[in-house]
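Peer 1: Below are the chains, spelled out letter by letter.
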Amino acid sequence: MKVLVTVKEVAEVEDEFEIDGLKIDERYLEYDLNEWDDYAVEEGVQIAEANDDVEVVTVTIGPERSEETIRMALAKGADRAIRVWDDALDGADFVDVATKTDILAAVVEDEQPDLVLTGVQAGDDAFGATGVSLADAIGFEWAAVVNALDLDVDGGVAHLRRELEGGVEELTDVDLPAVLTIQTGINEPRYASLRGIRQAQSKEIAPKSFEDLGLDASVTESEITLTSMYEPESESDATIWEGSADETAGKLAEFLRDKGVGQA
Amino acid sequence: MSDVLAITEHRRGELRDVSYELITAGRQLADELGGDLHLAVISGDVSGFADKLNREGVDTIHTVDEGEEFNHDVYTQVITQLYDELQPGALLMPNSVNGLDYAPAVANHLDLPLVTDAIDFSYNGTLEATREQYGSKVETTVEVDADHVALTIRPGEWPGAEETGDADVVSFEASIDESAVKSTVTGFEEVGGGDVDITDADILVSVGRGIKEEENIELVQELADALGATLSSSRPIVDNGWLPKNRQVGQSGKVVTPDVYIAIGISGAVQHVAGMKGSDTIIAINTDPNAPIFDIADYGIVDDLFDVVPALTEQFK
Numbered sequence: 001m002k003v004l005v006t007v008k009e010v011a012e013v014e015d016e017f018e019i020d021g022l023k024i025d026e027r028y029l030e031y032d033l034n035e036w037d038d039y040a041v042e043e044g045v046q047i048a049e050a051n052d053d054v055e056v057v058t059v060t061i062g063p064e065r066s067e068e069t070i071r072m073a074l075a076k077g078a079d080r081a082i083r084v085w086d087d088a089l090d091g092a093d094f095v096d097v098a099t100k101t102d103i104l105a106a107v108v109e110d111e112q113p114d115l116v117l118t119g120v121q122a123g124d125d126a127f128g129a130t131g132v133s134l135a136d137a138i139g140f141e142w143a144a145v146v147n148a149l150d151l152d153v154d155g156g157v158a159h160l161r162r163e164l165e166g167g168v169e170e171l172t173d174v175d176l177p178a179v180l181t182i183q184t185g186i187n188e189p190r191y192a193s194l195r196g197i198r199q200a201q202s203k204e205i206a207p208k209s210f211e212d213l214g215l216d217a218s219v220t221e222s223e224i225t226l227t228s229m230y231e232p233e234s235e236s237d238a239t240i241w242e243g244s245a246d247e248t249a250g251k252l253a254e255f256l257r258d259k260g261v262g263q264a
Numbered sequence: 001m002s003d004v005l006a007i008t009e010h011r012r013g014e015l016r017d018v019s020y021e022l023i024t025a026g027r028q029l030a031d032e033l034g035g036d037l038h039l040a041v042i043s044g045d046v047s048g049f050a051d052k053l054n055r056e057g058v059d060t061i062h063t064v065d066e067g068e069e070f071n072h073d074v075y076t077q078v079i080t081q082l083y084d085e086l087q088p089g090a091l092l093m094p095n096s097v098n099g100l101d102y103a104p105a106v107a108n109h110l111d112l113p114l115v116t117d118a119i120d121f122s123y124n125g126t127l128e129a130t131r132e133q134y135g136s137k138v139e140t141t142v143e144v145d146a147d148h149v150a151l152t153i154r155p156g157e158w159p160g161a162e163e164t165g166d167a168d169v170v171s172f173e174a175s176i177d178e179s180a181v182k183s184t185v186t187g188f189e190e191v192g193g194g195d196v197d198i199t200d201a202d203i204l205v206s207v208g209r210g211i212k213e214e215e216n217i218e219l220v221q222e223l224a225d226a227l228g229a230t231l232s233s234s235r236p237i238v239d240n241g242w243l244p245k246n247r248q249v250g251q252s253g254k255v256v257t258p259d260v261y262i263a264i265g266i267s268g269a270v271q272h273v274a275g276m277k278g279s280d281t282i283i284a285i286n287t288d289p290n291a292p293i294f295d296i297a298d299y300g301i302v303d304d305l306f307d308v309v310p311a312l313t314e315q316f317k
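If you read the protein sequences in the order shown, they are chains A and B. All the letters of the first sequence, read from the start, carry residue numbers 1 to 264 under the numbering used here. All the letters of the second sequence, read from the start, carry residue numbers 1 to 317 under the numbering used here.
It should be emphasised that the hints constitute simulated quantities derived from the structure, not laboratory data. Warning: the hint list may mix true and false statements.
With a straight-line Cα cutoff of 20 angstroms, these simulated EDC-like cross-link-like pairs (lysine to aspartate or glutamate) come out [unchecked claim]:
| id | chain 1 | residue 1 | chain 2 | residue 2 |
| --- | --- | --- | --- | --- |
| 1 | B | 212 | A | 14 |
| 2 | A | 23 | B | 166 |
| 3 | A | 208 | A | 14 |
| 4 | A | 23 | B | 132 |
| 5 | B | 277 | A | 233 |
Label pairs and their calculated CB-CB ranges [stated by the list, open to error]:
| id | chain 1 | residue 1 | chain 2 | residue 2 | range |
| --- | --- | --- | --- | --- | --- |
| 6 | A | 51 | B | 12 | 26 to 36 angstroms |
| 7 | B | 228 | A | 25 | 21 to 31 angstroms |
| 8 | B | 289 | A | 214 | 48 to 58 angstroms |
| 9 | A | 150 | B | 212 | 51 to 61 angstroms |
| 10 | B | 162 | A | 175 | 24 to 34 angstroms |
| 11 | A | 91 | B | 289 | 49 to 59 angstroms |
| 12 | B | 241 | A | 16 | 43 to 53 angstroms |
| 13 | B | 197 | A | 191 | 31 to 41 angstroms |
| 14 | A | 22 | B | 314 | 41 to 51 angstroms |
| 15 | B | 197 | A | 51 | 25 to 35 angstroms |
None of these values were measured; they are calculated from a predicted model. The beta-carbon is built from N, C-alpha and C at its ideal position, and this holds for glycine as well.
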């Protein structure tokens, strides 16, 4: 059985930052494995540990820099990795869902996985759509926002829970092959061990261009363009207590006592 | 003339609020496009739902009597068929958990450009939608240069339509390919019973990612004890297994409305805010003065929680 896990390197933004055109200035960014994908990788590795003959392959759309993040996923137990990049993606302000879907569908065509795991969303653009869009493109069944998974490989069914709003979970059975978008909290992602980090150095990260995947630059053509990026205006009309920690704590305490808090 | 088709949402016999919000957003967009607003209500008590959805601004409600509950395979088939019949300029769907379980599939199937989680939009020859990125730290606008678009809207961003309307209610007979229905909803479960019901608390002291380590939660627990308050948290604390699910405030946790909500080390992600914005008085303690939590807080302290929380606890001992 082969499990394909999509892994995205996302930028995290410092508290203070500046916007340069349609991007946040590089000085204020730190790159990391997308939080939701971390849980998807862990789920894939746990499936491999619980079943015989499971290969976990990660796929990333990202420049060479993202190999550091990919190594992290390999160190956690993925067997090998694919990294897709092409000059046509260089300098793109925004890659839309349709483009990602087409690229990942081409990788699925090559790899023929039985199960695809993606994070529910990416921490940067937060579209939350690639997994389900991919499922439709490759003719797989799917489920979005999965927070518990019990895979019946022989029966060809995934018994899962979907986390709905308001503290309600939906219990659903989904036929395999499937794409599942993984919610945080489904498991406890492991830290990469020193041994894992060493082993990851010798695992394959296969670079793939569009040509390798039978695609051309037209795959990046989009009807959606990013036209502006700005810091939202603060809507805050909060009263901010100023002073040392003792002073502000004192003001808050006084306020709470006036409200009758802590007087029991 | 370009119409708008909005897909309403219900669960376990109840229409969800976002359905009424879709009417407001859909009417706004239909006015800008110069077309009609069509609603679809799929599965469940469709005629009962149609009665409730018949609000001012809606032109036509299409009822689709297929199954009792949401099933994404059925929804995907129905929506693509209805879309083919109506050929609307815009397909509006909720950016809810269920919306995200079918909207991307529908958009891909119909080859429509998809913009998710819109918090605002306008049409002036082309559609421009506003979104948030990087955990609400920036807003972006995207322009969609197409005659047809699929858009999901963030719940809570548009007011719900209230006035009664006089829409036509028509039944739409979808042709469902049962062999393509490969998912089955087998039940629902409420999570987070347990020892405490945070929705009952008058005072909540709520802890977030800023607490950094599990053992530091004790600091916040001590404050809650000193105040006679109940301890709650944002999602990452529960994801880490540091507190049980029944303590989680937010979209996927509990919606709370205490007299006083003290948010400690919580940045104020939209999913969290959805669960606590109805609190009477909101107090935030956070090192980042730009954290979105201050946008909805009534009072705030911009400082390190590890300095402020022990000092505050000391005041009540």
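Peer 1: Each hint should be assessed against the structure and marked as holding or not.
Peer 2: Hints versus structure:
For the proposed pair residue 212(B) and residue 14(A), the alpha carbon gap of about 16 angstroms is at most 20 angstroms, so the pair holds. Restraint check: the Cα-Cα separation between residue 23(A) and residue 166(B) comes to about 47 angstroms, which exceeds 20 angstroms; the hinted pair is violated. As the CA atoms of residue 208(A) and residue 14(A) are separated by approximately 32 angstroms, the hinted pair breaks the 20 angstroms bound. As the CA atoms of residue 23(A) and residue 132(B) are separated by approximately 13 angstroms, the hinted pair is consistent with the 20 angstroms bound.
Between residue 277(B) and residue 233(A), the direct Cα distance comes to roughly 19 angstroms. Compliance with the 20 angstroms bound is thereby established for this hinted pair. The hinted range of 26 to 36 angstroms is satisfied by residue 51(A) and residue 12(B), whose Cβ atoms lie roughly 35 angstroms apart. At roughly 47 angstroms, the beta-carbon separation of residue 228(B) and residue 25(A) lies outside the given 21 to 31 angstroms, and the hint is violated. For residue 289(B) and residue 214(A), the Cβ-Cβ distance of about 50 angstroms falls inside the hinted range of 48 to 58 angstroms, so the restraint holds.
Residue 150(A) and residue 212(B) have their C-beta atoms about 33 angstroms apart, which leaves the hinted 51 to 61 angstroms range violated. Between residue 162(B) and residue 175(A) the CB atoms are about 42 angstroms apart, so this pair departs from the stated range of 24 to 34 angstroms. For the pair residue 91(A) and residue 289(B), the supplied restraint of 49 to 59 angstroms is violated, since their beta-carbon distance comes to about 33 angstroms. Residue 241(B) and residue 16(A) have their C-beta atoms about 32 angstroms apart, which leaves the hinted 43 to 53 angstroms range violated.
The hinted range of 31 to 41 angstroms is satisfied by residue 197(B) and residue 191(A), whose Cβ atoms lie roughly 35 angstroms apart. The hinted range of 41 to 51 angstroms is satisfied by residue 22(A) and residue 314(B), whose Cβ atoms lie roughly 48 angstroms apart. As the Cβ distance of residue 197(B) to residue 51(A) is approximately 39 angstroms, the hint placing it in 25 to 35 angstroms is violated.
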